[in-house]
Amino acid sequence: MRNVLSGKQEAAAGTTVMGQWRQALRTMRQGNRDHALMGYLFILPALALYLTFSGYPLIRGLLIAFSDYRYLIPDHQPFNGVANFVEMAGDPLFWESFVRSLYYTVIYTPLNIGLGLLIAVLISKVLRPFEAAVYRVIAYLPVVLPIAVALLLWRQLLHPQFGYLNYFLSEWVGIENPPAWLADPDWVIPTLAVAAVWKQVGQNILLFLVGLYNINNELYEAAAIDSANGWAQFSQITLPLLKPTFTVILVLAAGIIGTAEESLIMFGRTSAGPENAAMLVGRYAYDIAFYLGDMRWGYAAAMNLTMGVISMLMAGVIFKLLRSERAD
Numbered sequence: 001m002r003n004v005l006s007g008k009q010e011a012a013a014g015t016t017v018m019g020q021w022r023q024a025l026r027t028m029r030q031g032n033r034d035h036a037l038m039g040y041l042f043i044l045p046a047l048a049l050y051l052t053f054s055g056y057p058l059i060r061g062l063l064i065a066f067s068d069y070r071y072l073i074p075d076h077q078p079f080n081g082v083a084n085f086v087e088m089a090g091d092p093l094f095w096e097s098f099v100r101s102l103y104y105t106v107i108y109t110p111l112n113i114g115l116g117l118l119i120a121v122l123i124s125k126v127l128r129p130f131e132a133a134v135y136r137v138i139a140y141l142p143v144v145l146p147i148a149v150a151l152l153l154w155r156q157l158l159h160p161q162f163g164y165l166n167y168f169l170s171e172w173v174g175i176e177n178p179p180a181w182l183a184d185p186d187w188v189i190p191t192l193a194v195a196a197v198w199k200q201v202g203q204n205i206l207l208f209l210v211g212l213y214n215i216n217n218e219l220y221e222a223a224a225i226d227s228a229n230g231w232a233q234f235s236q237i238t239l240p241l242l243k244p245t246f247t248v249i250l251v252l253a254a255g256i257i258g259t260a261e262e263s264l265i266m267f268g269r270t271s272a273g274p275e276n277a278a279m280l281v282g283r284y285a286y287d288i289a290f291y292l293g294d295m296r297w298g299y300a301a302a303m304n305l306t307m308g309v310i311s312m313l314m315a316g317v318i319f320k321l322l323r324s325e326r327a328d
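1 is the number of the first residue of the sequence shown in our numbering; add one for each residue after it.
Quick caveat, the hints were computed from the structure, so don't treat them as lab data.
Hints may be right or wrong, so weigh each one.
Derived DEER-like restraints, expressed as beta-carbon distance ranges [unchecked claim]:
| no. | residue 1 | residue 2 | range |
| --- | --- | --- | --- |
| 1 | 178 | 77 | 47 to 55 angstroms |
| 2 | 40 | 167 | 56 to 64 angstroms |
| 3 | 106 | 157 | 19 to 27 angstroms |
| 4 | 162 | 293 | 33 to 41 angstroms |
| 5 | 230 | 130 | 21 to 29 angstroms |
| 6 | 79 | 126 | 24 to 32 angstroms |
| 7 | 168 | 115 | 16 to 24 angstroms |
| 8 | 90 | 56 | 40 to 48 angstroms |
| 9 | 40 | 229 | 32 to 40 angstroms |
| 10 | 176 | 49 | 53 to 61 angstroms |
No residue lacks a Cβ here, since even glycine has one placed at the ideal position from N, Cα and C.
Please take these sequences and the hints and turn them into a complete structure.
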């Protein structure tokens with residue numbers, strides 16, 4: 001009889017324990033739901049701002065690219081399929097501006113990466129923390145400046161008569177006829193690229209510094225013991241370990257092919273430089289949308305969509321090359 005009672009008591013105790021476990025599990029799940037709901041409430045304002053100022057314009061621009069949207073004609077937004085892209089393929093001005101944008105990208109990208117890496121390596125060699133912090137702040141200051149201020153500063157420096165650069169070249173270097181940086185069509189694109197690099201290189205410097213500071217110094221010490229010189233350490237240790245940083249920088253620079261700010265600020269809205277030398281794709285799309293004719297937003301959106309697709313393809317190629325290198 002006692003054995004039967006003890007068995008019933010144990011079963012009842014087991015049932016009680018299982019009930020407690022179930023109750024605890026329900027409480028935990030309810031707590032997780034409450035925490036998840038609280039998390040969604042916290043990100044809701046940021047999500048709303050993103051959808052309002054990024055998500056909706058992106059979808060709206062995608063729809064406009066497949067329509068003959070003309071801003072100055074009321075209620076004129078007919079769907080025209082791929083007609084904008086067909087017209088773009090036969091537009092000589094588009095192809096001229098596209099070639100200039102490629103030329104601009106070819107100058108901007110290597111200069112931006114090479115100069116950023118060089119300055120980052122020099123700053124990383126500074127041993128005193130305060131001095132290194134000062135150099136980092138100085139390198140990043142142009143990024144903080146509004147782009148209009150930075151480019152207008154460069155326009156004054158490059159003035160053919162009163163600019164400091166030509167004065168330095170003529171009075172100190174001895175060049176009798178310095179280049180007319182913004183008046184000579186051959187110099188317009190390189191000048192815009194250099195000014196843009198000066199404005200943006202500070203961001204790359206900080207990204208490279210993050211990668212350099214994360215490299216273990218023991219690797220360099222071991223290489224020095226093996227009699228590896230400075231270039232060997234840089235090429236065999238630093239560059240391979242900075243591949244993720246290179247990937248980020250190259251992906252961020254992929255969108256530079258559609259830039260328009262430099263041309264607009266340097267030459268204003270009514271001019272694209274001598275012989276339209278500063279007419280990049282982004283500038284051409286801007287003129288089509290806001291300045292020429294009846295403001296063909298549809299055609300301009302098709303151009304920008306094309307540049308966006310090209311930037312995505314460039315980013316995909318970068319990731320593909322990095323993945324293949326890692327596999328090797």
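These are the hints, each one checked on the structure:
1. 178 <-> 77: 47 to 55 angstroms: holds, 50 angstroms
2. 40 <-> 167: 56 to 64 angstroms: holds, 60 angstroms
3. 106 <-> 157: 19 to 27 angstroms: With Cβ atoms ~24 angstroms apart, the hint holds.
4. 162 <-> 293: 33 to 41 angstroms: Holds - the Cβ-Cβ distance for residue 162 and residue 293, about 37 angstroms, lies within 33 to 41 angstroms.
5. 230 <-> 130: 21 to 29 angstroms: Given a distance of about 25 angstroms, which is inside 21 to 29 angstroms, the answer is holds.
6. 79 <-> 126: 24 to 32 angstroms: violated, 59 angstroms
7. 168 <-> 115: 16 to 24 angstroms: holds, 20 angstroms
8. 90 <-> 56: 40 to 48 angstroms: violated, 32 angstroms
9. 40 <-> 229: 32 to 40 angstroms: violated, 56 angstroms
10. 176 <-> 49: 53 to 61 angstroms: For residue 49 against residue 176, whose Cβ atoms are near 56 angstroms apart, the range 53 to 61 angstroms holds.
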